[in-house]
Each structure stands twice: as structure tokens, then as C-alpha cells.
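Protein chains: 4
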Amino acid sequence: MNKNKSWKSKLHEIIYEADTPAGKWFDIILLILILTSIAVVMLESVAEIGDQYEYELGLAEWIITILFTIEYLARVITIKKPSEYIFSFYGLVDFFSTIPKYLSLILVGSTGAFVALRALRLLRVFRILKLARFIGEGNQLINALKASRAKISVFLLAIFMLCIILGTIMYMIEGGADSGFSSIPRSVYWAIVTLTTVGYGDIAPVTALGQFIASIIMILGYAVIAVPTGIVSAEMTKDQKKVHLNTQSCPNCTANNHRDHAIFCYECGHKM
Amino acid sequence: MNKNKSWKSKLHEIIYEADTPAGKWFDIILLILILTSIAVVMLESVAEIGDQYEYELGLAEWIITILFTIEYLARVITIKKPSEYIFSFYGLVDFFSTIPKYLSLILVGSTGAFVALRALRLLRVFRILKLARFIGEGNQLINALKASRAKISVFLLAIFMLCIILGTIMYMIEGGADSGFSSIPRSVYWAIVTLTTVGYGDIAPVTALGQFIASIIMILGYAVIAVPTGIVSAEMTKDQKKVHLNTQSCPNCTANNHRDHAIFCYECGHKM
Amino acid sequence: MNKNKSWKSKLHEIIYEADTPAGKWFDIILLILILTSIAVVMLESVAEIGDQYEYELGLAEWIITILFTIEYLARVITIKKPSEYIFSFYGLVDFFSTIPKYLSLILVGSTGAFVALRALRLLRVFRILKLARFIGEGNQLINALKASRAKISVFLLAIFMLCIILGTIMYMIEGGADSGFSSIPRSVYWAIVTLTTVGYGDIAPVTALGQFIASIIMILGYAVIAVPTGIVSAEMTKDQKKVHLNTQSCPNCTANNHRDHAIFCYECGHKM
Amino acid sequence: MNKNKSWKSKLHEIIYEADTPAGKWFDIILLILILTSIAVVMLESVAEIGDQYEYELGLAEWIITILFTIEYLARVITIKKPSEYIFSFYGLVDFFSTIPKYLSLILVGSTGAFVALRALRLLRVFRILKLARFIGEGNQLINALKASRAKISVFLLAIFMLCIILGTIMYMIEGGADSGFSSIPRSVYWAIVTLTTVGYGDIAPVTALGQFIASIIMILGYAVIAVPTGIVSAEMTKDQKKVHLNTQSCPNCTANNHRDHAIFCYECGHKM
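Note that the protein sequences, when read in sequence, are chains A, B, C and D.
Reminder that position 64 of the first sequence reads as 64 in the UniProt record's numbering, one-by-one numbering, no gaps.
Reminder that position 71 of the second sequence reads as 71 in the UniProt record's numbering, one-by-one numbering, no gaps.
Reminder that position 140 of the third sequence reads as 140 in the UniProt record's numbering, one-by-one numbering, no gaps.
Reminder that position 43 of the fourth sequence reads as 43 in the UniProt record's numbering, one-by-one numbering, no gaps.
FYI, nobody ran anything at the bench for these hints, they're computed from the structure.
Keep in mind that a hint or two might mislead.
Just so you know, same-sequence chains aren't split out, so a pair can sit in one copy or run between any two.
Stated by the list, open to error - Simulated crosslink set (SDA-like; lysine to any residue; CA at most 20 Å straight-line): (1) Lys-24 with Ala-74; (2) Lys-146 with Leu-156; (3) Lys-101 with Thr-69; (4) Lys-8 with Val-93.
So here's chain A without its partners, still in its complex pose:
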């Protein structure tokens, strides 16, 4: 059977799967490439580095773009129904994260606008990880979140409304000329900053009444954070797999419940 496999199906196995050594190497190289690409985007944005190493970073970006183009074409060719890949979530991510450098040839001077497109490449990391070892753990997390999605939505909606009402009240109390509470949207922003316990301090109440209400909001936020936590905790405590216990038994004295990696029996010293 293996011999009958065309080069297409072999390449498909390497690119889309991670069970063969070649597939694993492909994933590792791709991962390095993605992380390098993200590093290039980041370094470009730092004014001093971006100016000094403009040529080197541009070159690196071109090399990465060409390699991603090859990968994209390989993905399209090796799949039986190319449209299935092209219009899938990761297909679109691959496409839009590859084209910015080509577009910069046509639209000179506006490369800055494509930075976000290039940052999309980071999403590709999830595809590689999905193929790799974390799949089980990730699924458990996602399932717990999915199961509590409706409850968390209701909770966040209630929090958001609470912030609008509290923001409006604070706007009426603190909303002076020089205060940070210059409009309701800004006051709502402040209420969110406070209730979520972020607390930048760029806007802070100065009147006694304002500080009193702020205190109530903070204590409220402190108590309310228990709610999403309770939701997810309750969801995750459901259907728990029991941890595998070491059931080894000593061949000499039958003592059991040995520690993991025990080499000798703790009772009789017999080798296990």
C-alpha cells in the first residue's frame, strides 16, 4: 500500500499530519519560521532597531514570505479538494498572512497597515500545537469553556450593564471640568477599569462621595470575580478522570503502592 502512495499523498502526510518523523520535522521548522517571522514584525516596530537594520529585516521578511508562499502552494496542491482548504479558517489565515509583502510592492509607503495581517501568522501556531502533544489538555479546557459559555455570556453582559449604570452615576458626581470623568463613555471606561481590578490610575475619583462609591464598586468587583471562577470550577470538577496510581507490586514480598520510578521495593529491598 505504502508503495502505491503518490508523492502527493506523501507530501500531504508530511504537511497535514505529525505522526511521521518527516511530519514532525516539518512542524518544528514551520514553528521556528513562524516565531522568527513574529520576531521580525516586532523588531521592525521598535524605532531604533527598525531604522538601523531596515535592510536585514526586509530581507528576512522576503525569505519568510517566499517560504510561506511555497508552503501555501504545497497545501493547495496536496489536498484533494483545494477549495476546502482555501476557504477554511486556517486557509484564510495562511493566505492573508502571506500576501502583505507582495502588496507592499504595489502600494508603496503603507506597509504599516499590513502589520496586523502579519501578526495573524501567530494563529498558525495553534494549528501546529493542535497536531502536537497538547491536544488532549487543550480540548478539556475548551470543552469546559464551551459548556460554561452561556453562563459566562450572561455574566459578562450583566457586568457590562452594571458598568454603564455605575459610569453614569460617577459622571454625575465627579464630572467636573478638570476631572477625568469628562463624559459618560469615559466614566464607563473607568468603571470597567475599576470593577475588573485593573486600576490604571489615569482616571481616579477625587471627591469624597466619588471615592466612597468607587470603594463600593471595588468591593463589588472583588466579590463578583467569584462568579466566573465558580462557573468554570463547577464545570471542571464534573466528570473528572482519576489520576493513574502506581499499582506496581513487589515480586518478592507483594508490597504495593510504590512511588513512581521506584527501583527497589521499600519493604524488602528486592529489585523491581
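The hints should help you fit chains B, C and D onto chain A, whose structure is shown.
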């Protein structure tokens, strides 16, 4: 039976319930109207927008006020005992969130004071949501919170007292001339800001001893946040009986959340 | 039996217990007195109010002090073994929170130092609440905390050590001339502020490496907060036996929290 | 058997274990020495104290260094396979936390660089605590964390990626000339500061759109913190078998945490 229904009972079904297509449409339109109204209140408060589009925003407010007035009158007419609706929580919310624009005709120049009244409209969103799909999830959340209400109250009271004592201690340590700890209430405010991990930074200890005590408060707050979370988590992991409720509302009194297949209202015994 | 009760035992019942109407009224009046007293302490500390109403606040303080003195003497007289009360925790709190005004007669001009003593009065609120309705809920909370005390201690110790190590590292990276990281203790203070997600912003890293390490500390703190929460959650989800306790207090010793229908004191065996 | 014990094995028992009175005293003295040493390092870093008491602190450091050297040599001598100790984690910590003062004799003027090495001494506290009473509690905590290690890793990775994407978006929105969002790495740093609810306020959005997205990040962070908490809570609510471990340490290899009444070492089979 359906034929015998008067226009009043039909309108009642549309306005107070969400089981018929017409009732759903009514709710969706009302939801859009409420959100538009809140957006108008917010935009008015932003100085630049409020000044530039004064006429447009005033017009929008008048249209919304008139539509809300019609809705209010319809609610009063279609219910058998109007007083039950008028003096219910949502009845009062509806009334006070509708009148500000009328009052502004009489009391010229003091529209600012009515902003909070208009923000009350947001509370109406909860009524619509209560009728809609989130009813089950919301009930579970509210039940979990109700069940742990007493514990959370005790906890918050203890936190509040702790903040008063810690604030007094910090006032004695840091309370210098130029420091932010100028009075005990302000120091208590700081203690709440710190213990809840909000941390604005508008008031921060500067002496070594003050910073040492602040560190202890922070670590305390970090450990203490576990308590409300533990309470709610414990409550939510308990098995909760799911009672199937629908969005029907009694045409006689305003009681809702009836069980499926309920034939008589559980509040007043009126046939449904 | 009731007739044989002396005025002392009747007064004991009123002061130390909350089961009779008179006992409840005594508690409510005491609660109002304590809260008024705390309000007076707070208002005195606010410069503008303290200066303007110096006479009124001083008078209020004298009235409260005299009422507290009467209460203290009544507590001493009505108990069989006065020394048990006097040297108990609440006995000492009562004593030290009553004397500041008397001391201010002797030591003129140093009233500021007694503010903390007067704030002690707040602790008395817990005694009243202990007698009241929250007894069951409070006990559950305290038991859950007691049961997880050892685990939380280990956790906080580990957090504190982590902060010392991280603070030292940040001192070596950021500790320049103008930076906020001027010494290891200050850097440790910063590490605590960051790890507990308080984040004042009075000290913040400015170098790229410092910000990178700060990011790691923050994400660490974000993950680590799960630990105390998990401890308390696990403790509270355990089935807790509910023991019905009442607010009776032994007339012989000060032991309270007796079981319902208890005939003899569990501490001293005295008939109740 | 006890009589046959050589002075080496007696010293081994004192140094490596905490079951005998001598062993307990050794641990307590060592703990005091370590904490004194850390205090010296801290005080040296405070400019005023470091300059004024330079001689005293230097002397204290020499005394501590010599005592630690003696302890290190005693540990090497009393163990059967010295290489097992020397290259173990605590062996390396002991070595590198002892040498800085000796190195400062050779490399004059660069003592500052050894501060971090001296802070390593704090890690030794964990060894002593491991031998002491907290062993059971600490093990439970560590087991719960180990069991949820994979899930927490996936979670933190996802959070980190989210921060990179959100940071890039904010850089494009807020990244003006004077804004704090001067580069993508800085914006990512801000996203981490915000999502973890630390909120320094050294960088804060100023545009309306930026504040809107910041609000979403905060509410996201508020909901997302439930995830690690849920993971650990779920792990800790599982029934954990309590395995009784003691503080004995194998005299042959450095393995410890043996079961009570264990007769042979589980690692090397040596008689205990």
C-alpha cells in the same frame, strides 16, 4: 378559545410575553430602541459631539420618549390590574425613564440632572432578556448567588472592617503633611483600593514601614480573594434541580416564570 | 427558677446574650454607639471637619466614652469571675478602647497617638455579630479557613520567597540611579505589588529586559492566584456538618456558642 | 545497631534529617543563619545603611560565609557518595551561595554582580521546610500543581499569544508619536499588564477606540482568570490519598521523603 381573545389579551401576549413571533419582534424592536436611547445619552455627554449634533440628538430623544410613552400606556391598558404593573419594579423604571424629556420642558436648563433617570432605561434590558433564551442560565447564576448571599455578606462586612482598621493604622504611619494619607477616610479608601488589588497609585505609601505594611495587606488580599470564590464554587458544584420555566406572564397579575403546562397562575390563581 | 434569678443574672442575660428582647435591644443600641464612635474618629481626622466642629466632636467622644465605661463596669459586675472577662480578648479590647479620652486628660496634646486605640472599638462589632444571626455562616467560613490554614501558610511563604528572589533579580537589572528600584527591599515591594496584581505604578520597569521579566511575573501571578482559591474551594465543597449553636453565654465563665438545649456549660460544667 | 553508628552517620543524621532533637536544633540554627544572611544582603543594597555600616555588614557576611563553608564541607564528608550531593540541585545552590565572598577577594570591585548568587541562599529555606512539619501540606500543593501543569501550560501559552495579537492591534490604533505604545513589544507588555489586571498606568490608552478595546481586554481578563482557578480547584477537590512520609534521608544517596517504617531506600536499596 383563541377566537374569544380580545385585542387586549392579544396585545398583552405581544407586550408581556415572547412565545409568539409578534412578541419576539416586539422585544427585538424594544431592545434596539433601548440601546439607541442609551447611545444618545452617552453621545450627548461627550462635549464635542453633544455641542455639534445638539439638534439631532434632541430630536432622537423626543422620538424615543414618545415611543416609550406609547409602550407605557399600552402596558397599563392591556393589564387587568394596572396598579400591579404601575407600582412594580419595572413599572416604576418604565415611568421614571420616560418622563425626563417632559420634565425638561417645565424645568428649563437643568437637563443634566435627568441623565441618571434616562440611564435607568438600561434596566429594561434585563426584562427583555428575562423573557428570552438566557432565562435558564441566568436563574442558575442568581440561585447560586442567593444561596451564598449570607456567606458573602459576612465576608464583605469582615473585609470592610479590616479596611477601616488597616486604614487607621496606615494613617498613623504615613499620615504626614504632603502624603496622600491625609485623613482616616482617605486611608480607608486606600486600604480598599489595595486589598481588592485595584491599585490606582493615586495614593501610595512612601515610608519603608508603610510599604512593608502595604505588602502585608496585598498578600492578605491575594489570599483572601480565595474566600468568595470558594463560596460560589462550592455552591455551584452542588447539584441544582432544573425547573423548566417559560416566559408566560399572568394576564391578571404581573407574575411570570411559570412552569411549563401551568394552567393557573401560581400567584393569583387566574386561568392562563 | 426564673424568679430566683437575681438582678445580676438578669443583667448578665441582657448584656452577654441576645435571646431575649431586652438583650437584642441592648445589642442594637451598642452597635449604633460603636458605629457613631467610629464615625467620630473618622470625622476628627479630616482636617476641615476636625477643626470646625472640634467642640461637638469632643463632646460626642466624651458621651460615648462615659457610656462605654458604664457598659464595661456592668460587664465586670454581672459576671461571676470578673478576671475571666477582664483578661479575655474582648475584655482587653473593651478596656483599651474606652481609656483614650481619660488618658488625654493626663497627657495633654498627644491625642493623635490614641486614634488607633479608639479604632479598636470596631472589633467589638464582631462580638455583637457573633451573638446575632450570622453565627452559622461565619462559623462555616472560619472553619473552612482554619482547615486550609496550613496550606495557605505554605503558599504565602512560597510567594514571599519568590518575591524576594524576583525583587533581587529586578534590582540587578533595573537598579539604576533614577529608577524606582533603588534598593532590594524596594524591589521586593515592587515584586509583591506586581505579583498580587495590585500594580500601583509608582515603581515600574523602564528597560526592555525589566519589562520582559515583569511580564513573566505578572503571568505567573495570574496563574498562581488559582492556588489559594483552589485550596479554599476544595475545603468548602467538603460536606460540613451543621451544628446548631445558639447565642447563650455561660454565666460562670465567658464560654459561648453552646448547642441548643445544652443544660450544662461545655467549658466549666456550670448549669445554664 | 545504634552503637555501631560511626560519627559520620551520626553527623549525617543531624545534618540531613530532622527527626532527632540535635537535627531539629541544627535546622533552626541554619534557618536563622540563612534569614540573617538575606537581611544582610538587603540592608547592604539600601544606600544609606550600606554606606554607614559597611564594616559591620562586611564582617557579618564573612562570618556567615565561613559558617556556610563549614556546613558545606560537613555535608560532603558525611555522605557516602559526595558526587551525588555536590551535583544535586541543593548541592549546587549551597556551593554557589557560599563562594561570592571568596570571589570578591580575587575580583575586587565587582561585588554587586554576586548579589543574585547570595540571594540563592533563600532557596535553602525550602530544604529545611521540606524536612519540617509542612511536608504533607507542601506535597499536596505541589501534587495539585504538577497534575494541572499541562493544562496551565496550554492556558498560559494561549494567554501569551492573545497578548501578542492584542498588543499588535493596540499598536496600530494608539501607536502615535507621544503615546506609550511606541513599539509592538511595549504594546504587548501593556496587554499583559492589562489582561492580568495589574494595571500600572505607566502606559494607558488615550483614544476612544483604544479605551474601548482596552475595556474588552479587561473584561476578557476578568472572565479568563476563572480558567486556571477552575483547573486547580478541580484538581484539589479530587480525593487525594495521603501517603505518610517522613523526613528521613538515605545515607547512601540523597533521596528523601521515605514512607514511614521503610526499611530500604526506594532509590538505591541501601538499608536505612
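Open item on the list: One pair to classify: Lys-24 and Ala-74, alpha carbons no more than 20 Å apart. Within, between, both, or neither?
Closed with: within (17 Å within a copy, 49 Å between copies)
Open item on the list: Within, between, both or neither: how does the pair Lys-8, Val-93 come out at a Cα-Cα threshold of 20 Å?
Closed with: Neither way: Lys-8 and Val-93 sit 23 Å apart in one copy and 55 Å across, limit 20 Å.
Task: Up to 20 Å CA-CA - Thr-69 versus Lys-101, copy category - done: within (11 Å within a copy, 57 Å between copies)
TODO: Pop the pair Lys-146 and Leu-156 into one bin, within, between, both or neither, using alpha-carbon distances up to 20 Å.
DONE: both (15 Å within a copy, 18 Å between copies)
Hint 4 from the earlier list is the only one contradicted by this structure; the remaining hints agree with it.
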